[in-house]
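2 protein chains.
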Amino acid sequence: MGRIVEVTDVILRDAHQSLLATRMAMEDMVPACEDLDNAGYWSLECWGGATFDSCIRFLNEDPWERLRQFKKLLPKTPLQMLLRGQNLLGYRHYEDAVVERFVDRAAENGMDVFRVFDALNDLRNLKTAIAAVKKSGKHAQGTICYTVSPAHTIEAFVDMAQGLKDMGVDSICIKDMAALLKPQPAYDLVKGIKEKCGADTLIHLHAHATTGVTLVSLMKAIEAGCDVVDASISSLSLGSGHNPTEALIEMLEGTGLETRLDKDRILKVKEYFTNIRPRYREFMSEFTGVDTEIFKSQIPGGMISNMESQLKGQGAGHRLQEVLEEVPRVRADSGYPPLVTPSSQIVGSQAVFNVLMGKYKTLTGEFADLMLGYYGSTISEKNPEVLAKAEAHAKKPVITGRPADLLKPEWESLRKDTEALENNNGSDEDVLTFAMFPQVAPKFFKSRPDGPKNLGKDPVKKDAAAPAKAEGKSDGTAKPAAMSGPVNYVITLHGKEHKVTVAPGA
Amino acid sequence: MGRIVEVTDVILRDAHQSLLATRMAMEDMVPACEDLDNAGYWSLECWGGATFDSCIRFLNEDPWERLRQFKKLLPKTPLQMLLRGQNLLGYRHYEDAVVERFVDRAAENGMDVFRVFDALNDLRNLKTAIAAVKKSGKHAQGTICYTVSPAHTIEAFVDMAQGLKDMGVDSICIKDMAALLKPQPAYDLVKGIKEKCGADTLIHLHAHATTGVTLVSLMKAIEAGCDVVDASISSLSLGSGHNPTEALIEMLEGTGLETRLDKDRILKVKEYFTNIRPRYREFMSEFTGVDTEIFKSQIPGGMISNMESQLKGQGAGHRLQEVLEEVPRVRADSGYPPLVTPSSQIVGSQAVFNVLMGKYKTLTGEFADLMLGYYGSTISEKNPEVLAKAEAHAKKPVITGRPADLLKPEWESLRKDTEALENNNGSDEDVLTFAMFPQVAPKFFKSRPDGPKNLGKDPVKKDAAAPAKAEGKSDGTAKPAAMSGPVNYVITLHGKEHKVTVAPGA
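Protein chains in written order, with the numbering used here: chain H, 1 to 506; chain P, 1 to 506.
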């Protein structure tokens, strides 16, 4: 028996967020839970990130109820969530009491492991959430957003890890959302943290698969002593998702390292999601291969499609290449923020503006805020000329303090506003839902009694347990898994042409 | 500058053989050749394997002419082929003079690196071809087919490598056609060969990507000293194909190892094939993810679909699982052959017979021949009971000598038969084409003057430089890239049901 490598599966959260636009309905996850819970995972990521937003915006599903259901369905395995620090699951900074209340309610409803990150890696944006998790007695995981820039040396990341340790985190996550972490830096980073922060520092590596190299990075990180790694069962893996859990298990054979995962359980879950996945074809990411251009542009795939649609909206779809080249310059001017929600959108939009209107002729409000410190501090100095423009544009001063320190107590007013909404249930959870999504929550509360919607097509039938590969073969029959939405054809029938719309699977 | 890792790209041969059923037309490869030739590869695999068969059977293209074209288009980079030892590119053993003539003609027409393998790893089936390559002054690469069984220890493979070295090969290929080679065995095997056969022994690793772990295996093999690795440019990679060249380049950063590949050239080739690939959608392999079940069954994907169609032909499609469990037993009974053409088909068919008719109640002629030594020797002893049945069935004795030693000189009769065919051009090349494909060659010679066919749909237009992802978006329109062959629907039109066949791209 060698050293055990622990595994977190992200199939219930980040996998479908990355591959199926976060649209998976709870009822499609329920049947997999028993096997997942008994497979031997360190934790199961199942909440947070974009799932909260998606639940109330698209699925008419109460995310707090989803959490309580997971707690019942997964009694043996710690539940894990992704929390955007002082932003919670929303898109602005919240006052500390709101952050504390959120963590308290999440813990009370069943959350066990809180992975807390900040888009700028500003530790001050993590401290309230981390302290709240500690207070709740749950597992506080402090997160380093991995990125590449002249300032982001191994030493800088190791220092950040020490900063997180000093806050009292239970573990440290290296979060590689854009699949930029190559094998050697993965090795060096884990080694560096273990050396500086102590060999008993629990390190958890989260990597996407987009560039095709990160399974190798997991291997090298494990060789350097990484304790826990994220993966996703193969039928919801790869592309802009994650490395397949089964490949992770197999690659360790003979190394003296092993997981404690039950392959038979995992095979059952794999086959289950093989059948579920095609039902969400209209939400499927088209990207299924690898993209190593990200290393050059450092622009994650999701960000490129955002920029493309912004450009097309301005009739400038042909200028994408210029924008891709502008992004790294805007990023340098703004002090090399990691590119992750919301910094990726802020930098990307400004790059579009620079190309269309001239360099910093027009600033977005968010970009000015980023320059002036209203999202937190960045690792590098900002370009002073651009900073001056931001001050002139926003008519606000530069701040160097913690952004949330500017906020006034807001819980009571949020409660009052929530209580005025039709169908609110009077709970703190509803106040938090409203706080994070003030536009969407009122509509959601109103329609909540109708119950959750399943946006998957062709609900799976009783006999659907057979692997999907049996569905359509190379004998020329249809491949339902590979079609997307209704298709329009002109067909000829009895010598006459007809326009016909055919729904796949019909 | 660290140690250089050399790379062979298989995009012109095994990539489209694995992913597009070997259907790519020469004219669709021509535009990529200049960039490929200048990218800095150790070699470009572009001929042999199933391409010869596919050329004459499906593409009405003279494979010898393809080879001459490649030689002109790729003047700077060695051309590489896959040769099935004494089977050449056909499916039976050929007499030595035919093997020698084939190698001579291939060398003369432009081939530089001959990767020679035998499905049973029987060195006697390689020796004539290897000697002929040496005689032609070209690069002779001896191949170990990697497989997993109780008999296939690292030591056994290392001994085989030494056997190849003793034959005078210029390099040794580890051929992992089913993606079974895990990282630690990859490391141990390369290390073992370097230790036993000398540190200057050139080792070349060929791995498919099917199980998802082999990019890690390439990394570990490289760490152990592997000199050359096979990869395929990303737009024709992964699934049952190969690891992406771009990911290989990137994963080495910071390790002190590097390739000498030109990323800009490779990006151009990637973009080119991104546009070409969808045109071959009807031949595309459906499998794009990873399959780690192969580790358990050791049955490559292509073999499973063969067995499935055999079973369905017998109305026994539901018995696939039994057959999958029978295959390892048949393999053990027959002395643990690697499962690769033709042994995979022979073992698979016998497993189907065993399930349908009772254990060894009926033997296929090929299985009896395999048992009796007519394909060569296997690493382990065969099951004596099954061997007795094979003798009784085939009414032939066991042989222990080299199968080709039983063959009489056949060149002159092959020449005479070829010269009797309409439109033969009188060349040795035509005799060899007829020798390998006696059924197909006569039809091919007849239709050869019509020139090559391109089976790709929607020939690429001038403006096709835009990435293919623009073709079908998540707006609900069809994704042409994902459909395969005609589709049968029942549609309702003016209140009446009709059965309609719709061809994709219509």
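Note that these hints are calculated values from the structure, not bench results. Predicted, not measured: the structure shown is a model, and the values here were computed from it. The reader is advised that the hints may include incorrect statements.
Pairs count within a copy or across copies, as identical chains cannot be separated in the list.
Simulated pairs of lysine-lysine, DSBU-like, Cα-Cα distance not exceeding 35 Å [as the list claims (entries may be wrong)]:
#1 K71 / K165
#2 K453 / K76
#3 K312 / K457
#4 K382 / K408
#5 K76 / K296
#6 K191 / K263
#7 K263 / K382
#8 K268 / K296
#9 K457 / K138
#10 K76 / K138
#11 K312 / K72
#12 K408 / K389
#13 K268 / K359
#14 K395 / K361
#15 K408 / K134
#16 K389 / K361
#17 K76 / K263
#18 K382 / K416
#19 K382 / K76
#20 K453 / K191
#21 K72 / K359
#22 K395 / K191
Hint by hint, here is what the structure shows:
When the C-alpha separation of K71 and K165 is checked against a cutoff of 35 Å, the pair qualifies only within one copy, where the shortest distance is 28 Å, while the shortest distance between copies is 61 Å. Proximity of K453 and K76 under a CA criterion of 35 Å is satisfied intra-copy only: 28 Å inside one chain copy versus 60 Å between copies. Taking CA atoms no more than 35 Å apart as the test, K312 paired with K457 passes in both settings, with 30 Å inside one copy and 29 Å between copies. In this assembly of identical chains, K382 and K408 lie within 35 Å of each other by CA distance solely inside one copy; the values are 28 Å within and 82 Å between copies.
For the homomeric pair K76 and K296, the shortest alpha-carbon distance between copies (28 Å) is at most 35 Å, but the shortest distance inside one copy (43 Å) is not. Proximity of K191 and K263 under a CA criterion of 35 Å is satisfied in both settings, with 30 Å inside one chain copy and 30 Å between copies. In this homomeric assembly, K263 and K382 come within 35 Å of each other (Cα to Cα) only across copies, at 31 Å, whereas the closest approach inside a single copy is 50 Å. Taking the shortest alpha-carbon separations for K268 and K296, only the inter-copy value of 15 Å comes in at or below 35 Å, while the best intra-copy value is 39 Å.
Taking the shortest Cα distances, K457 and K138 never come within 35 Å of each other, neither inside one copy (38 Å) nor across copies (58 Å). Taking the shortest alpha-carbon separations for K76 and K138, only the intra-copy value of 15 Å comes in at or below 35 Å, while the best inter-copy value is 62 Å. In this assembly of identical chains, K312 and K72 lie within 35 Å of each other by CA distance neither inside one copy nor across copies; the values are 46 Å within and 43 Å between. In this assembly of identical chains, the alpha carbons of K408 and K389 lie at most 35 Å apart only when taken from the same copy (28 Å versus 88 Å across copies).
In this homomeric assembly, K268 and K359 come within 35 Å of each other (Cα to Cα) only across copies, at 30 Å, whereas the closest approach inside a single copy is 54 Å. For the homomeric pair K395 and K361, the shortest alpha-carbon distance inside one copy (16 Å) is at most 35 Å, but the shortest distance between copies (89 Å) is not. When the C-alpha separation of K408 and K134 is checked against a cutoff of 35 Å, the pair qualifies only within one copy, where the shortest distance is 24 Å, while the shortest distance between copies is 83 Å. For a Cα distance limit of 35 Å, the shortest separation of K389 from K361 inside one copy, 9 Å, qualifies, whereas the shortest one across copies, 86 Å, does not.
Proximity of K76 and K263 under a CA criterion of 35 Å is satisfied intra-copy only: 18 Å inside one chain copy versus 48 Å between copies. When the C-alpha separation of K382 and K416 is checked against a cutoff of 35 Å, the pair qualifies neither within a copy, at 40 Å, nor between copies, at 82 Å. When the C-alpha separation of K382 and K76 is checked against a cutoff of 35 Å, the pair qualifies neither within a copy, at 48 Å, nor between copies, at 48 Å. Proximity of K453 and K191 under a CA criterion of 35 Å is satisfied in neither setting, with 46 Å inside one chain copy and 56 Å between copies.
With identical chains, the CA atoms of K72 and K359 are never at most 35 Å apart, being 54 Å at best within one copy and 48 Å at best between copies. Taking the shortest Cα distances, K395 and K191 never come within 35 Å of each other, neither inside one copy (45 Å) nor across copies (66 Å).
In terms of the numbered hints stated before, the structure departs from hints 9, 11, 18, 19, 20, 21, 22, listed from lowest to highest.
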